[in-house]
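Enquirer: Here are the chains, one letter per residue:
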Amino acid sequence: MVLMVAVFFGISSRAVAFPIPAAVPLESVTSTRQQAIAFVDAIKQLDSSVYWPNIKPSLFLQNLKATVYDPVSIYPGNGTNFCGYGALSYLFLQDDPLGYAKLLLDLYRNGKANFGGVVFDPSDPIKKEAGRLRYKGILDIHPAEQMWFLCLADHYKGYVNIFNRKYNPGDEDRFWASVNFAKFDRMVRSLLKYKIKAKGSDLIRPHVTDPYQYISDRLKTGKVVLFINNRIVHKKNHVKIKVALPTHFIVVEKISKEDDLITLVYWDYGGKTLMQLSSAFLRRIIFGITYCTKKETDAK
Amino acid sequence: MPNKLIRIILLVGVVSCIFSCSPKNISTKYYYQHEKILDKIEETYKALSLEHPFTIGFTDKAFKTVSIEIITDTLSYIYEFDISEPRLTDTLLAYHFNAAKVIKLIQQMQSIHSAWIKNYDYYVDEKKNTLVFMSIRAVALKSPLAYKKYYVLTYFQQPQYFDSDGRLLDKRKRRRLRKINGEIFRRINDKVCYTISGKFR
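First to last, the sequence lines map onto chains G and Z. Here numbering that gives the first Met the number 0 is used: position 238 in the first sequence is 237, and no number is missing along the way. Here numbering that gives the first Met the number 0 is used: position 77 in the second sequence is 76, and no number is missing along the way.
With the rest of the complex left out, here is chain G (with noise of 0.2 Å):
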């Protein structure tokens, strides 16, 4: 019955941990930014893709190499709930920005790739809607990343996708695209080359002592993304009892304290955010912590 749940529910804490491989410095990248810079640079055109009848050519070659020189811009758009595919992507575009490169490349020419073992072959409605989401700010114009973001939402499945599972046009919006926390997590072991230690779930909080003293150790050896409730971060109405759920995943860039005043530095939404709370804000907003370090890497 406990497993049931767990599994249900998405826990992932406590059951995994994996050791912290010491040997390998934080700044160790599995390609490094010139690399994919010299890679998408040697492409001077794109030809139109059969497989993604309203994608730009032009467009396309023009916001994959806007994300390879500046990663902070990768943005998951305006009332989606591609945010955990965001934060999925602004690391990988980190660790491994040539693989990033060469993998959309690949999905946008052959409608299909194969990404370490990883098989993306996308639905029809998914190869027909990317290039045409409107009203998501500057996603609108970005189709490399509309598509990726779908066919991420359209590949990877939980248990919060059990009702909605094929896509119809609006479902970037619902639950079609969420991700919850095991997901994420699933999502991140399978893509990128990173060992990965998770604390929480979608319902219960973190058992983590100091959560301020947990992340900001952990952010001297890796990547820490934190499953936050967005809700009471940044209140969409003025309803006093808000149902304590997490909805949004963000990735911790520095995290310092002074006195009671925890000022934290996040990656969300295209660029980084500056924010000071308390120790029992930070406490009462945290679901999960996915905690990053290198598995390996071919950096030179």
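Honestly, the hints are just simulated from the structure, not real lab data. Take these hints with a grain of salt, some might be off.
[Stated by the list, open to error] For lysine to aspartate or glutamate, the following EDC-like pairs were computed, each having C-alpha atoms within a straight-line distance of at most 16 Å:
id : chain 1 : residue 1 : chain 2 : residue 2
1  : G       : 271       : Z       : 59
2  : G       : 235       : Z       : 68
3  : G       : 239       : Z       : 59
4  : G       : 235       : Z       : 182
5  : G       : 235       : Z       : 79
[What the hints assert, rightly or not] Computed list of chain Z residues with no C-beta within reach of chain G, every gap over 12 Å:
id : residue
6  : 28
7  : 38
8  : 88
9  : 96
10 : 98
11 : 111
12 : 157
13 : 161
14 : 176
Note that beta-carbon positions come from the ideal geometry of N, C-alpha and C, so glycine has one too.
Given the structure of chain G, go ahead and fit chain Z onto it with the hints provided.
Expert: Okay, now just chain Z, sitting in the frame of chain G:
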């Protein structure tokens, strides 16, 4: 007979009360009743945010706690203050804002219970456009049973296209409705639209 009459009067009373509080009824009327101050807030915000991009919101029901997001090229800073706190002015000055004007804007927003104001980017034919998005916790929408509590206005820079029901369209030729923040907006005039929403941002 008198009983039947009383029932009819009660029914008419309840129905008229429901419809007088309905979102549809406060729609354009609210805008024209408060046009001067709403337009003033929009103009002030547009001018100030051109100098330094920022957003303002009230995060509490009493409209005493203001949240300011200051957007720079490298980082967005989110701060929350009680509006009477000296830290508010100090922070605005530290980021080179015209503090007096921003505080006046905050006070104007507080006076009409405007919960949020921000610039919102949208794209037409791959070209970036910006509108001002303003939400108000309108008195007429405070009914305890009403789910949708916020009157949301969008100020466009150019005249927009609408269908015969006054709903905002994507383009004149394509009859696709333009959704902003997941909501369908309706015409007040060529450049100003409204919707009633459960969210202020």
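Enquirer: A separate judgement is required for each hint: does it hold in the structure or not?
Expert: Cross-check of the supplied hints:
Restraint check for residue 271 of chain G and residue 59 of chain Z: the C-alpha separation of about 25 Å exceeds 16 Å, so the hint is violated. Between residue 235 of chain G and residue 68 of chain Z the CA atoms are separated by roughly 15 Å; this keeps the pair inside 16 Å, and the hint holds. With a C-alpha separation of about 9 Å, the suggested pairing of residue 239 of chain G with residue 59 of chain Z holds against the 16 Å cut-off. A distance of roughly 14 Å separates the Cα atoms of residue 235 of chain G and residue 182 of chain Z; the hinted pair therefore holds under the 16 Å criterion.
Proposed proximity of residue 235 of chain G and residue 79 of chain Z is supported: the alpha carbons are some 15 Å apart, at most 16 Å. Separation of residue 28 of chain Z from chain G is adequate, the least Cβ-Cβ distance of about 23 Å exceeding the 12 Å criterion. Every Cβ of chain G is farther than 12 Å from the Cβ of residue 38 of chain Z; the closest lies at roughly 25 Å, confirming the non-interface assignment. The Cβ of residue 88 of chain Z sits about 17 Å from the closest Cβ of chain G, beyond the 12 Å cut-off, so the non-interface label holds.
No beta-carbon of chain G is positioned within 12 Å of the beta-carbon of residue 96 of chain Z; the least distance is around 17 Å. In this structure residue 98 of chain Z is separated from chain G by more than 12 Å, as the shortest Cβ-Cβ distance comes to about 20 Å. Listed as outside the interface, residue 111 of chain Z is consistent with that label: its C-beta sits roughly 15 Å from the nearest C-beta of chain G, beyond the 12 Å cut-off. Against chain G, the non-interface label of residue 157 of chain Z holds: every CB pair exceeds 12 Å, the least being about 17 Å.
Remark: the non-interface label on residue 161 of chain Z is consistent with the geometry, its nearest Cβ contact in chain G lying 16 Å away (cut-off 12 Å). Look at residue 176 of chain Z: its CB is around 10 Å from the nearest CB on chain G, not clear of 12 Å, so calling it non-interface is violated.
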